[in-house]
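Assemble chains B and C onto chain A, guided by the hints.
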Amino acid sequence: MNVDMKTLQDLTMLALSPEECAQLQDELEAKLVGMAELAALDLQDAPLCVTPLEHTNVLRDDIVLEHTAREALLQHAPAHNGEYYAAPAIQE
Amino acid sequence: MTALQLAAAIAAKKVTVADVTAQYLEKARASANFVAINESALEQAAQVQAKLDAGEALSPLAGVPMALQDNIFVQGMPCACGSAMLEGYMPIFDAVVVEKLQAAGLIVIGKLGMNEFAHSPQAAAAVTAGEIPLALATDNRMACAEHGVWHIKPTYGAVSRLGLVAQVSSMDAIGPIARCVEDCAVLLEIIADCNVAQPVGSNENLPEFPHALAACEIIACAEFGANLQKFDGVSLGKRSTKAENLSETYKFSRGEGFGLATKRRVLFGSLMLAGDNYELYYTKALQVRGQVKDVLTSISAIELPVDEAHNCLANLAGLPAIVKPDGQQIMGAAFTDIALAKGVTA
Amino acid sequence: MNWEVVMGLEVHAELSTKSKIFCGCSTEFGGEPNTHVCPGCTGEPGVLPMLNKAVVEYAMRLGLTLDCDITRVNTFDRKNYFYPDLPKAWQTTQLYAPVCRNGSVGGIRLHQIHMEEDAGKLVHAPNGSAAYMDYNRSGTPLLEIVTKPDFRTTEQVLDFLETLRETLLYLDICDCKMQEGSLRCDVNLSVRPLGQAEFGTRTEMKNLNSFKAIARAIEYESKRHIDVITRGGQITQETRRWDDNKGKSMPMRNKENAQDYRYFPCPDVPPVIIDDAWLEQVRATLPELAAQKRERYIGEHGIAPKDAATITVHKTISVLFERLVELTGQPKEAANLITGELMRHLNNTGTLPEDLQVDAGKLAELINLVLAGKINRAAYKQTMHAVFGEDVQPMAYIEQNGLLMDDNSDAVAAAIAAALAANPKAIADYRGGNEKTFGFIMGQVMKELKGQGNPALVKPALEAALADC
Chain A
1 MNVDMKTLQD LTMLALSPEE CAQLQDELEA KLVGMAELAA LDLQDAPLCV TPLEHTNVLR
61 DDIVLEHTAR EALLQHAPAH NGEYYAAPAI QE
Chain B
1001 MTALQLAAAI AAKKVTVADV TAQYLEKARA SANFVAINES ALEQAAQVQA KLDAGEALSP
1061 LAGVPMALQD NIFVQGMPCA CGSAMLEGYM PIFDAVVVEK LQAAGLIVIG KLGMNEFAHS
1121 PQAAAAVTAG EIPLALATDN RMACAEHGVW HIKPTYGAVS RLGLVAQVSS MDAIGPIARC
1181 VEDCAVLLEI IADCNVAQPV GSNENLPEFP HALAACEIIA CAEFGANLQK FDGVSLGKRS
1241 TKAENLSETY KFSRGEGFGL ATKRRVLFGS LMLAGDNYEL YYTKALQVRG QVKDVLTSIS
1301 AIELPVDEAH NCLANLAGLP AIVKPDGQQI MGAAFTDIAL AKGVTA
Chain C
2001 MNWEVVMGLE VHAELSTKSK IFCGCSTEFG GEPNTHVCPG CTGEPGVLPM LNKAVVEYAM
2061 RLGLTLDCDI TRVNTFDRKN YFYPDLPKAW QTTQLYAPVC RNGSVGGIRL HQIHMEEDAG
2121 KLVHAPNGSA AYMDYNRSGT PLLEIVTKPD FRTTEQVLDF LETLRETLLY LDICDCKMQE
2181 GSLRCDVNLS VRPLGQAEFG TRTEMKNLNS FKAIARAIEY ESKRHIDVIT RGGQITQETR
2241 RWDDNKGKSM PMRNKENAQD YRYFPCPDVP PVIIDDAWLE QVRATLPELA AQKRERYIGE
2301 HGIAPKDAAT ITVHKTISVL FERLVELTGQ PKEAANLITG ELMRHLNNTG TLPEDLQVDA
2361 GKLAELINLV LAGKINRAAY KQTMHAVFGE DVQPMAYIEQ NGLLMDDNSD AVAAAIAAAL
2421 AANPKAIADY RGGNEKTFGF IMGQVMKELK GQGNPALVKP ALEAALADC
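Residue numbers (the numbering used here), protein chains in the order written: chain A, 1 to 92; chain B, 1001 to 1346; chain C, 2001 to 2469.
Keep in mind that the hints were calculated from the coordinates and are not lab data. The structure presented is a predicted model; accordingly, all values stated were derived computationally and were not measured. Every residue gets a Cβ at the ideal spot worked out from N, C-alpha and C, and that includes glycine. There's no promise every hint is true.
[Unchecked claim] These stretches of chain A come out as covered by chain B in the derived footprint (C-beta under 8 Å, 3 or more residues):
(1) 11 to 17
(2) 42 to 49
[To be verified] Chain C side only, calculated, beta carbon under 10 Å to chain B, not exhaustive:
(3) P2045
(4) V2047
(5) R2078
(6) N2080
(7) F2082
(8) Y2083
(9) W2090
(10) A2131
(11) M2133
(12) F2264
(13) P2265
(14) E2354
(15) L2356
(16) A2360
If we strip away everything but chain A, and leave its shape as in the complex, we get:
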């Protein structure tokens, strides 16, 4: 089964070297083979378990809490101008 590495790289925004790409393609394809039994299971309507916890309705009241100082967050931005996060231009 062929894994479409170009599409996967685009979806995950990961640049790979040709060597990395070739190696990872092999590994991913081998993994798929290993998953074949799982894929072949017929579990019909067995419920999906997304998390082991059984909480529901974990809700908070509509109250405004203190904001974080802009400087504290902008220090984590790869680029900023003191007010905005800055990114390279977007081509539409």
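Chains B and C only, in chain A's frame:
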């Protein structure tokens, strides 16, 4: 000397918090397992000493130095998760576990290195070598079994994940590492809420779960990949200097910032969610998870080897697991962690 | 060849909760960039979402009002893609279990309504060298309302949006300011030969910022589809951006097309169970809608239907009306005030109803003053506009401008005497049977009193004086 014994010595004024702290700071600075040192440790030691002198009952571990895996936030200390992508990232708040252990009088000596967005062999090594009496890490069962040191991976949800850099959202659990199980149990009680009495359940032979490992890997990689999307070089993380447009900024920053193992997990995660694969693999994995969890609700305490095939059970079902120095683990019922630990001593 | 245009809408309504959907940051519009933010809505690690209860209840209000089936077990999913306005690189939304299914507005069927979080705002540098991100809007709660492709005309689309807008306003869940982006509409459009059952290929249009733009875009795009097909070409299924200045739509690249969002259930947001008790509680506290208010104003207060329609043109106005009724017990006076002087004020100043700021207490005071005979109608109107314009204190303004009606009967007698002396012909006309002359003489008396006469006093006094002539 165990951490509890050290605390007793401090309480009996045989040794001061400052002396103990200084001693472990020196070890940490000399150790390759530490990636960051708390420069305020001595100051914090003095504050704890003052409280103890004033008769405050902080906790049975008051004054004891400890260290944290470098994916848990300590404000004022960098948190890089072993990744070039997060080099120099400075958290702006303390993790809830850090707030709790500081309130209990423990002293943070430093942060322990780790494999990129994975587990921490360094945490296991540091405790084994006596570089630090106590550590907190996320699911470090493999490394701890290899090093022959105690570790509790707690019940999922018992320990707050606020201030932990998320890896696998539905499996991440911060737990103690120490040289005896009593130390682990007391530290766990400080940071967690998991004191349900151990049930008298069936511990007969566990059935086979032929698809558990596959299911676990699929779910873990999918969540892991999504959780790492925020490290994009655009709003967060190290930006590549070679990029000439937005798309390259994303791809090069993440390409340069992540190692091969991380990329493998991210790619596999997306592969399992893409197109038809979602129905073919991912929903099946969630269904298998449900089945595993159902079967395991009736266990009380069961001994298992520490390996991928068995580790995944506690991850899928969110159950507590205690790794023993003999390389085996005891898996128990949800929220019975403390009782489970007491049972192991006996 | 006769063509039929087929359309469906995706409407995003920003909810007017105080705080965001998954964190406690304020949703207040405006504000300096990146000042209503926290690690949660800026995509930092180490944080967890906490779902705002009001968001679920607002969704329930809308679902109940539009006759939807309310989903009892609600889950949230991650929609994954990279774009600078999306700091986590995923949007938390509801794909698999949206909060409402089916329902309708007018004759238009709804497909579903779901809850989701908004992205931040991108600002482009003028020279195109960079893009700037403001995450104030990131995490604002949205309801996405998706219709079935039931629309055939622009008029139907605009009617639907008008009704939806009114409903959202009266339910108190969205302020519907298209110019601030709190109500956004995307149009899905295709064409097919009249009578054909199969749908044509559709395109989606975004960036429609007003009802006029929507109308223009629909006209342009339907022509474009027909044009392409008539010439033997094929419509590409794609998302297009409407440029209202240029009057055309253009394909959008990258973000919107051919993306695999790899949705999966979000493990960090536990399911929300909506049980009968909660549903009934929300149903019992549903605010009154515009149509219900109109019925009530007509039935209980005897207001004319036309006036009731004016009062309910915006919730702000109907709230003002109800407050005035509460304070004065005079619904007809309140209605006249609104349909008369208030509407005049709004039109003259170009003020939108939602931006109206007026002190109901002051207007109530004025109503009471005019009904008590302390001021006449002219003074009433004048003072009212001073309240609208400068928010004056009514009594202070009235006194400063000498607008209190004179109750001095000597002054009235003197004024009557003077007016009668100056107009002997009018008196003769009146005595001769011309009743209309009374009005003229009355006007002359009021002129003598410099506009401060109290008609209630003057009229009987004048009648008596004329009888004696």
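| Broken hints, by number | Of the numbered hints, 14, 15, 16 do not hold.
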